[in-house]
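**Student:** Listed below are the residues making up each chain.
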Amino acid sequence: MSRTLRLVWQDRRARVGLALVVLFALLAAFASVVASHDPTAQLDLVGKQYQPPSLAHPFGTDFYSRDLLSRVLHGARISLSIAVLSVAVSIVLGTAVGLAAGLAGGLVDQVLMRGVDGALAMPRLFLVLVVVALWEDIGVVGLVLILGLTSWFDTSRIVRAEVLSVKSRQFIAAARAVGLGLRGIVGRHLLPNIAGPIIVMATLGIGQMILLEAGLSYLGVGVRPPTPSWGQIIADGQQVLRTAPWVALFPGLAIVVTVLAFSLLGDGVRRALDPRSQ
Amino acid sequence: MKPLLEVRDLRTTFAGNPATRAVDGVNFTLDVGETLAIVGESGCGKTVTALSILGLIDEPGRIEPESVVEFGGVNLLTLEARELRRIRGAEIAMVFQEPATSLNPVLTVETQITETLRAHRTISRTAARARATDLLELVRIPQAAERLGAYPHELSGGMQQRVMIAIALSCEPKVLIADEPTTALDVTVQAQILELLAELQGRLGMAMLLISHDLGVVAGLADRIAVMYGGQIIEQASAAAIFERPMHPYTEALLKAVPRLDRPVTRLSAIAGSVPNAATWPDGCRFHPRCPHAWDRCRTSHPELTPTAAGDVRCWLTDEPHRRVR
Amino acid sequence: MNGQPLLAVDRLSKTFRSGGGLFGRARTIRAVHEVSFAIARGESLGLVGESGSGKTTLGRLILRLLTANSGTVHFDGTDVLTADRRTLRALRRRMQIVFQDSAGSLNPRMTIGSAVREPMTVHRLARRSELDTRVRTLFGEVGLDPILVDRYPHELSGGQRQRVGIARALSVEPKFVVLDEPVSALDVSVQAQVLNLLADLRERRSLTYLFIAHDLAVVRHLADRVAVMYFGKLVEIAPTPRLFAAPTHPYTTTLLAAIPVPDPRRARQRSMAGEPVGRSAGPDPAPAEPQPGSQPADACPFYPRCPHPAKDERCRREVPLLREIGVGRLVACHYADPSAPDRPPA
Amino acid sequence: MHRFVAARLLQAVAIVFLVGTLTFLLLQLAPGDPLSSTSSSLLVPRTVVEQQRRAFGLDRPILEQYVRYLGNLARGDFGYSYREHRPAWHAIRDRLPNTLLLAAAALVVTFGLGIGLGVAQGLRAGSRVDDVLSLVSLTVYSTPVFWLGIVLLLLFGETLRWLPVSGATDPVVYDQLSLLAQAWDRIRHLTLPAVTLGAIGAAATARFQRAAMLDVIRQDFIRTARAKGLAERTVVLRHALRNALLPVITLFGLAFPLLLGGTVLVETVFAWPGMGKLTVDAIHGRDYFVVTGAAVLAAVMVVLGNLLADILYRVLDPRTREAA
Amino acid sequence: MPRICAALIAGVLATACVAERIAPCPDDWCGTAVIATPAEADVLFPPSTQGDIGRSIIDLVFTRLADLGPDLNTVDPTSFEPRLASSWTREDSLTIVFSLNPSARWHDGAPVTAEDVAFTYEVYRDSLVGSPARPRVLQIAGVDVRDPHTVAFRFPRAYLEQLFDAVYHMWILPKHLLGAVPRGELVSHPFGRNPIGAGPYRFVRWRAGESVELVADSAYFLARPGLRRVIWRSTGGDMSAAITQLFSGSVDVLTYLPPEAVQRTETSDEIRAIAYQPSTFYSYLLFNFRDPADPTRPHPLFADRALRRALAVAVDRAAAVRAVDGADGIVADGPVSPAMWIYGAEYERLPYDAARGRRELTQLGWRDSDGDGVLDRYGRRLSFSIIVPETSAQRRRFAQIIQEQFKSLGVEMRITELDFNTFLQRAETGRFDVFYGSYGGDPSPASISEVWTRDAIGGFNFGSYVNPDVDHAVRTALDARDIETARGRWTDAVSLINGDAPAIWISCTVPKAGVHRRFENVSIRGDNLTATLPLWRVPTARRLPRDRYDN
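Taken in order, these protein sequences are the chains called A, B, C, D and E.
Residues 1 to 278 (our numbering) are what the first sequence spells out, left to right.
Residues 1001 to 1326 (our numbering) are what the second sequence spells out, left to right.
Residues 2001 to 2346 (our numbering) are what the third sequence spells out, left to right.
Residues 3001 to 3324 (our numbering) are what the fourth sequence spells out, left to right.
Residues 4001 to 4551 (our numbering) are what the fifth sequence spells out, left to right.
If you're looking for bench data, these hints aren't it; they were derived computationally from the structure.
One or more hints might be untrue.
Said to hold, decoys possible - Partner residues aside, some chain A positions facing chain E, computed with beta carbon under 8 angstroms: (1) Q49; (2) F63; (3) Y64; (4) G220; (5) Q238; (6) V240; (7) L241; (8) R242.
As the list claims (entries may be wrong) - A few chain C positions that, by computed beta-carbon distances, are all more than 12 angstroms from chain B: (9) D2010; (10) R2030; (11) R2089; (12) A2090; (13) G2104; (14) H2123; (15) L2131.
Even glycine gets a Cβ: it sits at the ideal position worked out from N, Cα and C.
Go ahead and model the full structure; you've got the sequences and the hints to work with.
**Tutor:** This is the structure in structure tokens:
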């Protein structure tokens, strides 16, 4: 693993991605310290509506005269947590199902994978939309669960493929030959060898999840206000794109840069794990 | 008479950290109708040598500018891409190690044979097809006409290699480079392919550069043998001389290490240590860490390929034969 | 040595299914078909065959790394194929395997030290404090520098990796080791080292080997008896010197004749003499997968390639069974000559 | 091949059935029903609603409703649209061609642009051009699709006024135009949504194609082709591209769900009268049968897309054809 | 390749030329209005049509017996304008007789008769049709056909708004086309997507999800409409996209302009903002009197009248309205909209006095004893949630502003934005603390009885507010026979309601539509965008190409 990390670090683009990811994570973690204002405070409803970017408000203010920089910073916290947590849910589920299908094989495999095919035949946004739009007031935890529960299908497929490929390698046969049990084989031999692709999927998945959450917010069914998520700030700014473009611009840029950072990092990890794809 | 093909001071390096000198100053000649075998273990540079002749080295590899591959009085390495392409496949053809991967999986046998013909000859589609059939028959593929429509995966390994040979022979090249042509095949098939190569070479009068790790494979085919080690030729002589009186300790040890049916079962004499890595050739003689005869001079100073009566050898023992340990 | 063989294999068969899903049609491939043989204690049996002959599958079946379709395997009197988990675990202490692909048979994410240590931990063969010493001892025994314990497989050469594989197999102190093409991926100079090592170990530890290889010349150095496999079946078994001196099955003959000799004079001589180098006009050996329907099920599998002068209609209609034609010699050919003289090796 | 297609079709039917059931159940389990509020105001008295609920059988147990729905579906009856007061199939039928048109155009952009860029990059891997294109495609890939749509809309629709930004046709003039002019009007309306929707896919495809190209270019048979003395063009087009397209065909199958998900957002941004927007509206309006119908159709499209990809793969890759 | 390019360019030029070839409009009768709407009409069958968009279309395709005047007065008979009925007389206190205009024709050429009116009444009152207007239509005892052009409406009791109820709720339907259709199938009959009416505009086509097109009926029996064509164009729910289209000139009318866009019209040469006059809407924060967890028990907070009043006076509604609705914003002062004829009467109102609210809260025992910024009493925090429909940008904005205002008071109001259906369902089942409602469309004060009385529980009285005095006042107001008595009773009722503070009334700001400046004679009536649209016209000099298209 340390070799992989070193290779990731040697990759210029991955390094940029990693640096940005760390930066955003830090900003999110210390949002309340970095941000000059309470993200929900309406500073002056009459006098400070839609202030363009200035020294006092580098990202400007919104309809409610709230400081957008503070909102974007706190939004990072919400958006990143939702993305990271829901990806965690989906990775755990996808890995579990993929392992089960790949290891069990036969009927179990067939049934699980046809089920996954079915779920994949449904556009993910559509699936999430049905659930999120219809259930009232699901809250952030609910959103995380729903996003996670509807996005593990790809993961399970890839994990299954990886399991099948690793399973057929000789060191697994060697481990069986020395009398290692199933748990030992999975824990010591299988998982460490499929960890790479899973990490890549997780990294890239976080970016995609941020995009998905933004899309949901755009359709009006993501995180509910006044909690500031990036998608939700954009949806707010959507109304005034022409007159106050900065409201939607900065969270939009934040999304692009963050997702880009995760993609760069994910690609870097992928390259590090598979030197052929240089 | 000038040799048909002459390789002088060939050096091919691969960029990287650290950079590797896969081929490091190789010289040899190939005469009309002659078979020269290059023998060596993995990583000795024999395949890179073969590829360098036709400039088939991909990034990050690079053939050093002072290298010369002279064919028909022209240095191939300085030719323009278009001119070089006229040589490739037509004057000098190649057969590779893995027929399964060296044939394009999505094209039929016919396409893969005729495209070579059509690239070098002005020939109609039907004539090319007829010629392709002839070629398949030449390499002894049964029901040749029917096999034209087959895809590589529908053929066995031996058949695939025959198709490769047919492709290589399609323009009646003057030189055939066969890079480990039988390594991926079973022994019985290997025997057939070797016999086929020998027969075709005789019939078509072409020169052959045969590359192999297996001394047994080249024994029956080669007129001369060059043994490579560490990116260099360390011994070069007629086939008979190499097998009967190997001069270089490596050649000698290699011959002893091969299990043979024609000798009584004895303990094999192994060469200590392992094959060196192109990124870190040892100083001095590249064989010295594994050589039973090595002394100080071998560790510090690099021997040159020196002509002797029986052949060329790259070893300090030619200077100080008394150092040979008995 | 008591009279009972250490390993007895009886009518072992394995069929692979490929393709087909919930709705698709599966194809079956007979990899191993009714194979029977036995290995005595301390004996080394060579198993030779070309790619696709089923020799590797056979090795895995014996260790129950694959599940057999039918037949039995008895190891030291214990039925391997029906053993429960505990018994199987105990068996795996006594039967081990060394693989061909030394790179693939080592977990790339594990140091070679832990790879050798793992079997001992699994079988609780040593106390934690003793483990390191034992790993070092094993390293020494197989000729590895103990400095290498913390290296990863990709940092080693092929020969070193194969030594790790051997050390791992030996770590549980087995009686019987399946050597599945242990040297075919190695360079000639290194191949000799490993072959010598295997011979030394066999002597030192009184091991029993099943030595699987495609190269007859290599087998000759390590096997007391040789079994030849073709198309999932055994076609000939004979003591090593006799097999090489006087092969009886036409396939064995072909195989022997095809081995290149590193001697220019002899090589030329042989092909001039018109020995059966395999008819170059003849078809290649059958591909790894039998083509369904390409061959009648009741024919001799070698029939299409057989150079035997006596081959006739019978070979096409009747599968020859393995029959004894001399002391310790069995052959599956209708026309093998039982009276062939047992010449001493040349 | 026939057997293969038949087996896959059977599988497809099972998948579609699964999707239909899942959607039906999700909708049934969600709070509210189509009649609890078919309006945007509070004008319908509850007694009236209760009566209609009975009339539509919405007061029956879920299982009964489900069985009835399946029965209807088997007869090609998609149920009733409570919002449009007509058969749900009619509501879908009116939008389906628009979505198919948009999806097809987006597919052209996705694969045309994506493959072109990917091949170009793959051949110049590591060059400056490759680096820049990689970064651009990665950035596009990281952009929310609706955001990209808005940016394009503001730029080409409002600032430059080159292209219309809403709808599939110009309702003012469309019916007065000649056939050719109608086609032109449609193309103009199609451009922005298709480019928006296709750009993301093109970015993904380019990345994939680049990797596939790099993979193929390293293969032994490319070296063989060069050793034969073939022109570089032949090597790239006949030998490299034909093989490098194979993995991308798999992407073709995977592109459908992504594309249909994207249509939901893109159709909203550009008011494209297609299934995506219909679905969003139907979800909000609890128009159950339209949602379920749309899900079933989406699934049909996805499985057909996959099937098409598989067949294409089999046609282009002789190795996957069944041994004769 | 170049050849293909050339062909392509030629094709493009050719088509461009075709696209610009415009047929002259006959009789110099020109004008096309393209109306941008966020959503689509549901169905164009008047008894079932519910959304504003559908209603704006059917109001042009169909027509009523008579219509309200521009002030939307529902009680003054002189302010009503004739439509299908050319005149009407009050036979007695329970009967009104209408004479139909003999030249009125359906768009298929058939004459409009008294039979159609009677048929329409039967359809509207039929429970199988389930028209939202049914409760109002049930106020009518019966409709009698006197002769082909005379029809009499009978009422069970005498009251002021008989004429209003007789004409306003029903658009007359063609019996000769629909008479044979079973009632239960009327709603889903294809007529609903291909309507034939007797209004000023004929239905041309409906492109699903995209547009609805109407063309002026040149044979319309009243004054010829000013515009040749009206097209509704669905722009999707994305307001900024719609605004973009309005200002870029691809549409002429946008049904609602947010204040930011209103501001922009001031500098625009092409677009102006036109107000819906008078406004028929008001919005309010409704308190639940029942515990959402157990509806048999009173609400732990809002059952307390003093607390409700304290909260009501503490909200700076003026500031909120200014922020959300702009400088033209109007603060609602009770359960009345400006369109109601009782609006602005002398009813009591609660003033804004944050200090007083704060003081009263303290007097009630609410203090921040744990220092968390939220007041508490007996261990219960003054904290509650409000449900808001996510579809309403305006209500979402108000909610967030009021949330901040409450916060500074030590009151925690959590906002729960809900999908509209869920929102409504929560309201109907009483599962909320505070409900952000909006009421409107009906210009009659009779609507008060539908929300604020005991009888309205189970209807729109979601908060279960009951005051017998209010019920009594409303009843007497509905039964009043003269305007002054009615005004007095309604004023009493509103004062009582305001005093109880069952809700905090927020805004009844006049909404504005964006309209292209080339249209003349433009006005928009508060209850319907298109009520006055037949009067709009485009002066010759300002015609755009699209105005000249013939149909």
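**Student:** For every hint, state whether the structure bears it out.
**Tutor:** Each hint tested on the structure:
1. Q49: holds (7 angstroms)
2. F63: Since chain E brings a Cβ to about 6 angstroms from F63 of chain A, closer than 8 angstroms, the hint holds.
3. Y64: The hint holds - Y64 of chain A has a Cβ within 8 angstroms of chain E, the shortest such distance being about 6 angstroms.
4. G220: holds (5 angstroms)
5. Q238: OK, holds: Q238 of chain A within 8 angstroms of chain E, min 6 angstroms.
6. V240: holds (5 angstroms)
7. L241: Holds - the Cβ of L241 of chain A comes within 8 angstroms of chain E, reaching about 4 angstroms at its closest.
8. R242: holds (6 angstroms)
9. D2010: holds (29 angstroms)
10. R2030: holds (18 angstroms)
11. R2089: holds (36 angstroms)
12. A2090: holds (35 angstroms)
13. G2104: holds (17 angstroms)
14. H2123: Since the minimum Cβ distance to chain B is about 31 angstroms, H2123 of chain C lies beyond 12 angstroms and the statement holds.
15. L2131: It holds; L2131 of chain C is separated from chain B by about 27 angstroms at its closest Cβ, greater than 12 angstroms.
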